[in-house]
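Enquirer: Residues per chain are reported as follows:
There are 2 protein chains.
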Amino acid sequence: MSKTVLLKATLDVGMPGPEHFEIVHTPVPAIGDGLLVELHAISADPYMRGQMRSTGGYKAGKPMAGFVSGKVLESKLPEWKVGDLFGGNLPYVSVQTVSVAQLKASPFRRLTELVSEKELGLGIGALGMPGATAYGGLIGILRPKAGDTIWVSGAAGAVGGMVGMIAKNVYGCTVIGSAGGPEKCSLVTQKFGFDHCIDYKTCSSTKDFIKAIRKVSPKGIDMYFENVGGMHFEAAMSCLRPNGRVAVCGAIAGYNDAKPTPEKIHITNLIYNLQRVEGFTCEPWLVGGRDDFLGDMAKWIKEGKLQVEETFFDGIESFGTAFQSLFVGGNTGKVVLRVGPEYGGGATPAAKL
Amino acid sequence: MSKTVLLKATLDVGMPGPEHFEIVHTPVPAIGDGLLVELHAISADPYMRGQMRSTGGYKAGKPMAGFVSGKVLESKLPEWKVGDLFGGNLPYVSVQTVSVAQLKASPFRRLTELVSEKELGLGIGALGMPGATAYGGLIGILRPKAGDTIWVSGAAGAVGGMVGMIAKNVYGCTVIGSAGGPEKCSLVTQKFGFDHCIDYKTCSSTKDFIKAIRKVSPKGIDMYFENVGGMHFEAAMSCLRPNGRVAVCGAIAGYNDAKPTPEKIHITNLIYNLQRVEGFTCEPWLVGGRDDFLGDMAKWIKEGKLQVEETFFDGIESFGTAFQSLFVGGNTGKVVLRVGPEYGGGATPAAKL
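If you read the protein sequences in the order shown, they are chains L and P. Sequential numbering of the first sequence, starting at 114, is according to this note's numbering. Sequential numbering of the second sequence, starting at 114, is according to this note's numbering.
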């Protein structure tokens, strides 16, 4: 049988958890005009929270969807062979068909030469959406120069860690991270090699945060990679030097609120300081439209400039728990839900008949 | 005698006016190593308000300074001849020496071939700082595409009017202006040729403003040129379409407040809408470092794509009144203080001896 993660009901306010999702079993479908694929890794990402609202893209009683990686089980297309590995954006259905129309519409990437079947988590991480987000935000939006100081919020998360490692190891920047709690801060400085990490749980106000930044970097910051929002943003703007750039990637602090609180900004300060605040998504880099995302990232992983950090949850039934971990600080690095045959997924011969 | 505008005392809060300035008379100085010049036009600009604060660049008992245009009276330099016209940034002293060091440090531009002596007001307007601000903000920061809709606040002012005319007549954009009162709005649509103009005095809240924008442009705006701040900014962000750009040039609404009120921004909205907010100053364009400011503007004036609007105040003694007009809506287009010999300035032969 194939297993599907359904959203029980939309959720405007509050913490998402296992109670909001349901697993349903359906027969494995016939192939159709394209591919039959088996998912090996399913992603839980902060942006999905907004899509769960009544105004969002997920609908009650319908499957969740997002970034996945997996293996081709059957193919009617010459460019895809049985056993090929891929990354893509699909419904969270453990075994499913992918039509030719779907292949054209969504960013389906071949991972066969880049990772082994056991490393398929990378397809939703460093070589997937979070990787393209870190890469595009840093290279395309912030445009680092050697000697710049960057602050990365959410530094223990999937995107933030990679931003800091690339900034430091590839561009020669001084890198400040922020994360919640001493364990995550240790990970950020010890494993990821950031120069400093601020425990935001020790900051109860924007002023505290500004003091903490000024303590490790008295001259302030040249770049800020925004994953959090709220007082993080306001502290960053206060510490931003002339010619400073802010890449807005996410604002997880407000994702569970009914009506998000706006951030405060003194736009006058932007003028003489020649500062820029810019929102972006990973898409241009993920689909290969700008720069060389897959090539550069695979190279930097191989060279050891980029350490991969993953938090695993096993079995498609754990989706709600994996998703909730994002909002309660339960993950470091990329959250990977392993759903391949060894974790109860896949198409058993009996089920296929 | 030469006349100097002195700042009596710094002013942190409140409306500037004639009572804050004093005119002192001093003998015309000897030439020194560079030039002796006579000012013909002196500029009153909104940015000068911030410089009057105790934290600003102007000091109590010292001369005011800013953008000027004028004529060379004597020269020790082969590249400048008697009678040459220029634009520059100098103290507000009707006849003064300009040393070789000063010529190197400040953006001194030759206007001899571009304007007549009677048109020297252009040297502090379309061919000066406001022109470079309009040109650079539109071309370098907002980067218009044909068919885009732009909203320009302060549309009856020196910079705003030019931004809208270039956007419409050179780039083929739909142009919405905002200004205070029906007379200014008429100027903006009738003389400057904007498609629409919103009287901001009819809007008592951000919501009113948003309604007014939506009424003339139901789909919102692609670009916003910010001269005002406060609810103007918040309304613009609310109407900004995907791929929208905001150029922050000024925020005059808060310039007279002790502690400016921050603007509110929902940074989450920037992300999926791929929006950018960027501050800038005119300098790179004014000094000729980016694009071709003087050449393009002179051409567009000649082709009639750019109508020049000026509000004149006469005699250096009127500086305080001219400056105050910026904050009480007393000007349309560029405020030009005429200070040449026919307005009581200049170096009389008797005074020179």
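Quick caveat, the hints were computed from the structure, so don't treat them as lab data. Every residue, glycine too, gets a C-beta built ideally from N, C-alpha and C. Do not rely on the hints blindly, as some may be mistaken.
To be verified - List of simulated lysine-lysine pairs, DSS-like, C-alpha gap at most 30 Å:
#1 Lys328/P / Lys328/L
#2 Lys418/P / Lys324/L
#3 Lys172/P / Lys372/L
#4 Lys332/L / Lys328/P
What the hints assert, rightly or not - Chain L regions said to be covered by chain P (calculated; three or more residues, Cβ under 8 Å):
#5 323 to 333
#6 338 to 349
#7 355 to 363
Enquirer: Which numbered hints does this structure break?
Expert: Numbers 1, 2, 3, 4, 5 - these are the hints that the structure violates, sorted from lowest upward.
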